[in-house]
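In this note's numbering, the protein residues as written are 1 to 641.
Keep in mind that the hints were calculated from the coordinates and are not lab data.
Model, not experiment: these values are computed from the prediction.
Don't be surprised by glycine CBs; every beta carbon is placed ideally from N, CA and C.
Keep in mind that the hints are not guaranteed to be accurate.
[Said to hold, decoys possible] Taking CB as the label site, the calculated pair distances span:
| no. | residue 1 | residue 2 | range |
| --- | --- | --- | --- |
| 1 | G305 | P415 | 47 to 53 Å |
| 2 | A465 | R589 | 36 to 42 Å |
| 3 | R589 | E57 | 57 to 63 Å |
| 4 | P153 | L290 | 50 to 56 Å |
| 5 | E229 | D22 | 50 to 56 Å |
| 6 | E628 | S315 | 17 to 23 Å |
| 7 | E89 | L541 | 44 to 50 Å |
| 8 | V56 | P459 | 40 to 46 Å |
| 9 | D151 | A42 | 15 to 21 Å |
| 10 | E57 | A441 | 52 to 58 Å |
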Amino acid sequence: MCGIVGMAAMAGSALPPAEAFDRAVAALRHRGPDGSGVHLDARVALGHTRLSIIDVEGGAQPLANEDGTVLTVFNGEIWNHEALRGELEASGHRFRTRCDTEVLVHGWEQWGEGLLARLDGMFAFALWDDRDGRLVLARDRSGKKPLYVMDTPAGIAFGSDARSVLLVTDARPEIDQRAVAEYLLQRYTVSPRTLFRGVERLEPGTVLVFDGSRAERRAYWTLDVEDEEPLHPGDLRELLREAVRKRLMSDVPLGVLLSGGLDSTAVLGLAREAGAEGIDTFTIGFADALYDERALARLAAERHGARHHEVVVDSASFLEALPRLAWYRDEPIAEPSEIPLLLLAEFAGRHVKVALGGDGGDELFGGYPKYRAERLLRLRGPIPTSVLARLAQVGPRRRTHRRLGRAAETLAIEPEQLRWASWFRSFAAPEIGSMLAPEFAQTAAPDRLTEPLARKLAPYSSIDAGRRMLLGDYFTYLPDNMLLRADKVLMSASLEGRVPLLDRALVERVSRVPATDRFGWRTGKTLFRAAVHDLLPAELLDAPKRGFPVPIAGLLVGDGNRLLERLLLSERALERGILRPEAVTALVRGETSMVERELALFTLASLELWLRTNVDQVTLAPPTSLSEALGDEAMPSRSVA
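Kindly generate the complete structure, drawing on both the sequences and the hints.
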C-alpha cells in the first residue's frame, strides 16, 4: 500500500516546478513511510511513497521496464502477480524484483489495455508510456483504492487523495455547490463527484487515457448479473476460502480487525483454516454496554487462537481525534465509526502492517435490515400513512424506538431511488432545502439527489428490485463511503487494509444469486451464515445485526456539546454562506424534532472541520490538537436568534 501523485502535461504546456511534486509527496508520507521517489521530465511527473509489504528490500518506485520506456507508480496489491509473471517471463520479459508492481510495466508492454482484464487485486496506478506519450490511470473494480483526478489547462493531475492533487496544481480549494445537498442526504458524495470543485474520483473499474491533448475515460469492467443462478453454501465456502488465502500474501506481520460481527469473525476463521498462525486481532470497545462488542470479539479470538488486543474509546479521545481525522480523510464522510476506527488503526499499526477486515459482507450478502424492510414493502404494498405516523412518533424515546421511527419515515419516501438513498441519511430531502442557504438550496431537488444512484443503476433496469438495491449499495455506498474511509483511516496509520469479501470472483458469482437466497425475512446474510456457521461461536451466530454502532449521543455530551456550539455557531461557520444560520442554531439548540439530531450535528461538524483543515488552508500535516483546528473559536460562540 502506498501513495501516488503526479501530472502529465498538455501538449505545449509546462509542468509545475519540482517543488510542487516534492510538497505533494511529503503530504502523502503517512501512506508510505518506508521510502519515496519522484520521476520528472518535460512531459510527466510521477511521485510515490512506499509502505513495503511484498519484496521489502526491492520494489522502489517509480518503477520502469528494462529500457525505461514504461514507468509506473502503484498503490495496492496484485493477488495473481506470480501467475502473470510466469506468463510474461515465458514471453521473454526480464524481471528485476519480486514486487507485484513490476508486473504492470511488463504486462502493459505485452497486452496494452488488455492487462486490466487480467489483474486480480486492489489497485490504483498511473502508468506512463514514453513510446507514444500516454498517461494511463486505472482503479480496481470495487474501488478499494482511491484515485483522484483534476483536468487543468496545463494537463491531467492525479493523486491518492485530493490534497496531493491540489498541491501539485497549486489550485485554490473551492467547494462544489452541487455536492453539498448530496452530502447532507447520504453523508458522502458519489463518484466521480467530490466536494472539491474540479477534483473528481476516478470511478471503480475505469481507465483514463490521456494523450497530451485529451483525456478519455472508459469502463474496462462491468458486473454481469443478467442471469440469476443459485449458489450452494459449500460452493460459497470454497470461494470464501480462496479469497482469504490470496490475501494472506505478505512479507510482514498481518492481523484482523475484529468487530465482533459475523463477517470479520468468518475472515479470521478462514485465515486460520488457510494455515495462518500467530494472528493478532484488534477490537474497539466503549464503556456503554449497549454499544460494546468486546465480549463477542474475545469469544471469536479465543476460538481461533488469536492474540487479542482491545482499545476503549472515551469522549476525550473521540473529540481529540476529530480534526486529525478531517485532515487524513481530506473529504468529509460523516460516519461516527470513523473515529474509533482511526484510534484502532493507530494502535494496530504499532503491531502489524496489514489488517484483514469484513467490509463488504453486508452489501454483498444482504446484511442490513433495510433490505428486509424493502422486501416487505414490495410484498404488502405501501404501509398506511396513519400507521407510519404513529411509528415515527415513538422515535425519540430509546435507541430501538429511534430505529423504528426512522425506518417508518424512510418507508414513506417516494420515489424508490430517493428512498434507497435515504436509508443512511443525516437529513431528509425536505430538511436539506431548509438547511441550505438559498444559492445552494436548488441542489436539494429530489431528481438531483437521486441522479447519482439512478445513473449507476441505469444498466440494470431489467433485474428485480431486491438485487438492484444491493447493486446500488455496491456501486455507491461501498466504494464512496465504506471503502474510501477505510482506506484513508487505515493509511493514516500506515496500515494496509484488505477486504476478502470483495474478491473479484466472489463478487461476480454472488451478484448473480437471487436476493431471496442471500437474506431471509427475519435474518440477514442467510446464505453467508450457512457457509461459515462452523467458524462462528454460537453466541455470535444467534446475535442480531448491530453493524459498528457508536454511542454518538453519549460521546457528544458535556465537552462534546460545547465543541459543537463553538464550531457550528462561530462567525467563521455562520458566515460561509453554505447553511442558513437560523437553521443551524435551531439544530444546535435542540429546537427541532429530528429523530437523529446527534447524527445531523456530527454531519455538519464534519463538514465544518473539513472546510477548516482542507479548504481554508492546505497543509502538509494534520492539526496537532483540537484547539489548533478550532483556531478563532477560542472565544465564546455567538448564535443567531
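List, from low to high, the hint numbers that the structure doesn't satisfy.
Per hint list: zero violations.
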